[in-house]
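Use these hints to put chains C and B onto chain R, whose structure you have.
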Amino acid sequence: MLKKILTVDDSRTMREMLRHTLANAGFEVVTAEDGADGIQKLRESQPDVVITDINMPVMDGFEFIENVRKFEEYNRVPILVLTTESAPEKKQRAQSAGATGWIVKPFDPEKLTRAVNRVMP
Amino acid sequence: MSLDDIKETFFAECADQMSELETGLHEIQSDGPDMDTVNAVFRAVHSIKGGAGAFGYNALVSFAHVFENALDVIRNDLSQVNEARMDLLLRSVDVLSDVIEAERTGSEPEDSSGLAGELETAFGLGGAHEEEDEEEINFAPVMIDLEAFDAVEAPSGRTFRISFAPHASLYLKGHDPLRFFRELGDMGTLSVTCDLEALPKLNDLTPDESYLKWQIDFETERDRDDIEAVFDWVDGECVLSIEEIGGSPPDGDGENLDAFLQALEESGDDAAPADLVDIDDFGQDPETASADAPAPANPVAELVDTIETAVGANASGNGDQGDDGNDNAGAGSKAEKKEVKKASQTIRVESEKVDRLINLMGELVINQAMLAERIGQAGFGSASPTGLALVELQNLTREIQSGVMAIRAQPVKPVFMRMSRVIREVCSATGKRALLELEGEHTEVDTTVIEGLIDPLTHMIRNAVDHGIEDPETRQARGKPAQGTVKLSAYHSSGRIVIEINDDGAGINRERVLSKAIEKGIVARDAKLSDDDIDNLIFAPGFSTAETITDVSGRGVGMDVVRQSIQALGGRVHIASRPGEGSLFSMTLPLTLAVLDGMIVKEAGQTLVLPVSAVLETATLKPGDVYTIGKNNRVVKMRNSLIPIIDVGRQLGFSERRDDYTRGTILVVEGGKNGLGAFLVDSIEGQQQVVIKSLESNYQRVPSIAAATILGNGQIALILDCDHIVSHQSGEPGPEIIQSMAG
Amino acid sequence: MHDENEQTTIGGEEFIAFRVGEQEFCVEITSTREIRGWSQATRLPHSPEYIVGVINLRGTILPIMDLSARLGMGSSTPSERHVIIVVQVHDKTIGLLVDSVSDILDVGPDHLRPVPEVNPSMSSEMFRRVIVIDKRIICEICLEAIMPELEMQAA
Chain R
1 MLKKILTVDD SRTMREMLRH TLANAGFEVV TAEDGADGIQ KLRESQPDVV ITDINMPVMD
61 GFEFIENVRK FEEYNRVPIL VLTTESAPEK KQRAQSAGAT GWIVKPFDPE KLTRAVNRVM
121 P
Chain C
1001 MSLDDIKETF FAECADQMSE LETGLHEIQS DGPDMDTVNA VFRAVHSIKG GAGAFGYNAL
1061 VSFAHVFENA LDVIRNDLSQ VNEARMDLLL RSVDVLSDVI EAERTGSEPE DSSGLAGELE
1121 TAFGLGGAHE EEDEEEINFA PVMIDLEAFD AVEAPSGRTF RISFAPHASL YLKGHDPLRF
1181 FRELGDMGTL SVTCDLEALP KLNDLTPDES YLKWQIDFET ERDRDDIEAV FDWVDGECVL
1241 SIEEIGGSPP DGDGENLDAF LQALEESGDD AAPADLVDID DFGQDPETAS ADAPAPANPV
1301 AELVDTIETA VGANASGNGD QGDDGNDNAG AGSKAEKKEV KKASQTIRVE SEKVDRLINL
1361 MGELVINQAM LAERIGQAGF GSASPTGLAL VELQNLTREI QSGVMAIRAQ PVKPVFMRMS
1421 RVIREVCSAT GKRALLELEG EHTEVDTTVI EGLIDPLTHM IRNAVDHGIE DPETRQARGK
1481 PAQGTVKLSA YHSSGRIVIE INDDGAGINR ERVLSKAIEK GIVARDAKLS DDDIDNLIFA
1541 PGFSTAETIT DVSGRGVGMD VVRQSIQALG GRVHIASRPG EGSLFSMTLP LTLAVLDGMI
1601 VKEAGQTLVL PVSAVLETAT LKPGDVYTIG KNNRVVKMRN SLIPIIDVGR QLGFSERRDD
1661 YTRGTILVVE GGKNGLGAFL VDSIEGQQQV VIKSLESNYQ RVPSIAAATI LGNGQIALIL
1721 DCDHIVSHQS GEPGPEIIQS MAG
Chain B
2001 MHDENEQTTI GGEEFIAFRV GEQEFCVEIT STREIRGWSQ ATRLPHSPEY IVGVINLRGT
2061 ILPIMDLSAR LGMGSSTPSE RHVIIVVQVH DKTIGLLVDS VSDILDVGPD HLRPVPEVNP
2121 SMSSEMFRRV IVIDKRIICE ICLEAIMPEL EMQAA
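Residue numbers (the working numbering), protein chains in the order written: chain R, 1 to 121; chain C, 1001 to 1743; chain B, 2001 to 2155.
Note that these hints are calculated values from the structure, not bench results. Glycine included, C-beta positions come from ideal geometry on N, C-alpha and C. Take these hints with a grain of salt, some might be off.
Sample of chain C residues at the chain B side, in silico, Cβ under 8 Å [unchecked claim]:
#, residue
1, K1693
2, L1695
3, I1710
4, L1718
Here chain R stands alone, though its shape is the one from the complex (with noise of 0.2 Å):
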């Protein structure tokens, strides 16, 4: 069976990129468009790793973050999340939130698949 990742991010040219770039490295692929939707794509998918982005409407990434890990069925899922800030201090609020991992914005392929095949359980 096809390991499976969820993608969260509200930008459209964003969440076909993953996903083009996560189905080509062999991976199932769910996407949502906001933290909300992310919760229920999570439920409902069951994803094996989640990638995330931070600057979202409706409810941040953070946020997200904080809400998985108090769902007890999914808060081991690992969290990679995808970013452009590079600043040290919004790693560090993502890590405190419950990240796994980051990847800067912008990624090749390769960079992606190798910070997924790292947390991939």
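Frame of chain R; chains C and B shown alone:
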């Protein structure tokens, strides 16, 4: 989906983001900054930058980056907003839009570094930016000696001893120690021992505490940086030490190299004991690792398993350990419900699908009309069960139809927002100052109408600033504020949308307009024109010519093109000017280009349709009602005024003038600014909704005809252009000008 | 579309031939959408005499051109016997009212001639080429040239 498709998505999304951005900035400008708007604006630029980065659109990335940083200043402190900065941000929107367009078309983007520099200066960005970069560099661990050594000798088989003691928090972030071992396993060979010393008796064990430590002896060709990189995501989540054993290089002393290599080899031997755990086995079977540990006798494997499960079960909140599982689950789902409710309830549908729905809707309306006709022919009265069922069907159809139309209805806001850029451009080209004020921008109208609005509106706005608003000095001399105002408003009025452009400029110079119109042969030299007629001369074909075209409002089209394009939408345009005070352009347009409430009439053997909205009343004439004025001008006295009688059949060239005005029916029709007309027809057949079909798609515009429709019997009926007919009534030859203004 | 047509002149081409009055004309089969019988048209005001009116072609408004009138050969009186050839010209669809369809021709390049400058009453720019087969002479209608818009602009 190919990369090209994704690129297309990107540019489509850019367009959305740009409109979001422009709307947001405009709101900030008019209502002051609030956090939500600023965040939305920031996100728009951020998103554009993100996508641009993915495709390597470097010019776009670098400008968006500066733009984003500027917005970040405001995001961090709303009081940082001021007029000059807003102006700069709005200009940046224009430049960003140009850069996007350049990237999209693959052309050379115009140099945006000038504006980027201005942004950096105005928002104090330069320094902060560099600082950040420096920080990044400092962040990487440096081990210069070692690296230099690596570069020279590239030794193989170095051994590190890694001690790894996760904090409980590490497990709460989706990490699993196994993955670090797996990753290290990809870089070399490792031997892992689990240190269970800290593990309490089962009774004393707190399930979400972390008791295990690991010691890893790791033989690799990589260097320390690579090992550290494996643990970079758990910085602060564990106690980690990496120590090179068995041959760390003597302190920077090249002469001892041989000895070092010797030591290295020896240590390599040492580090390859028989009990070394292969990482692959380890990954699949964590118990093996634990069992390998110099362990107490109890069944450690099981214990480790228990701990993992326990951590999993209770790691439910950051620190609320006291809660039991049920409570946590409850809180979790509550939080989730709240968030889901917040999510926006919109869906994105391809416009093709909506168009198809609308076309089908049209077919349904036609079919229903046919059905109604058949039912009538079959002799079922409207009170019969069949008749009542038909009425119900008609009501339902009408509701479905308005629902379908509502899908395509959009606020005029995006078009209005676009105009703010137009104003800025004209201002910067002419040195004038003008502010765009919006009103009723949430008024909705069918998207097809919106699309058709862009060009005429753009031109009229340009015109309003270029020809209307005076330069700041003149304005001040006239006691007006130096900055002019162009007010763009929209509202619904009797089933149509009215859009007005009101400027506080100089108004129309009637003398000049009239003399120019005479000079161009548009009006006769001796024509007697009202002020209103003169003002509206600017819409006459051939009035704007190269001579009057400035850089700004020129571009080769005159106001007659504006009028034509509005008429093509089934609309009308009119100008009212107050010399010295400004001008008011108003246009009225149908809310949709798809359906119309029609009044069906028979005249000269033809079935014709009038928009119900244009018909004020109907009447039959008695002999005394008709008066003759001058030669052949018949008028009827109704509504306290004399309304010219328009013989529709003759006007359309379908029949000769009739003599008996009492045979037939009069419809009093409002012909826009042209006043009223009493349309004389043979009979009124009824009212029904008709689907508007363009004559232009296969033919061309026909004077006096707005469009066509298909009736229940499958025949085509023409929809009359009431404005045109009223303004072209042939009885009374109006001023020459009116004739030449006819499309 | 125009370009495609020009390219195909290299090989054999198919035409639909029809009668208007005593003469035979044709159009390229690739421009033809369908052939249908006459149905009552709705008159259009302020239109040239060769525009008979519009009919309902499955929900679209199809203008009908009296080809005889258009070619300056006098107006027809449409009847059940007449035929409408529905043709596509660029993005517009228009119906040509003709007396009858006479033939479908497969014509090699040998039989295609340029239009001679002969008949002053019939504007020769309305024809593209002339097909000569045995004793038949069939003028190919230049659809672009007979479209009403173009004439209106020229006028």
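Hints and how they fare:
no.	hint	verdict
1	K1693	5 Å, holds
2	L1695	6 Å, holds
3	I1710	5 Å, holds
4	L1718	7 Å, holds
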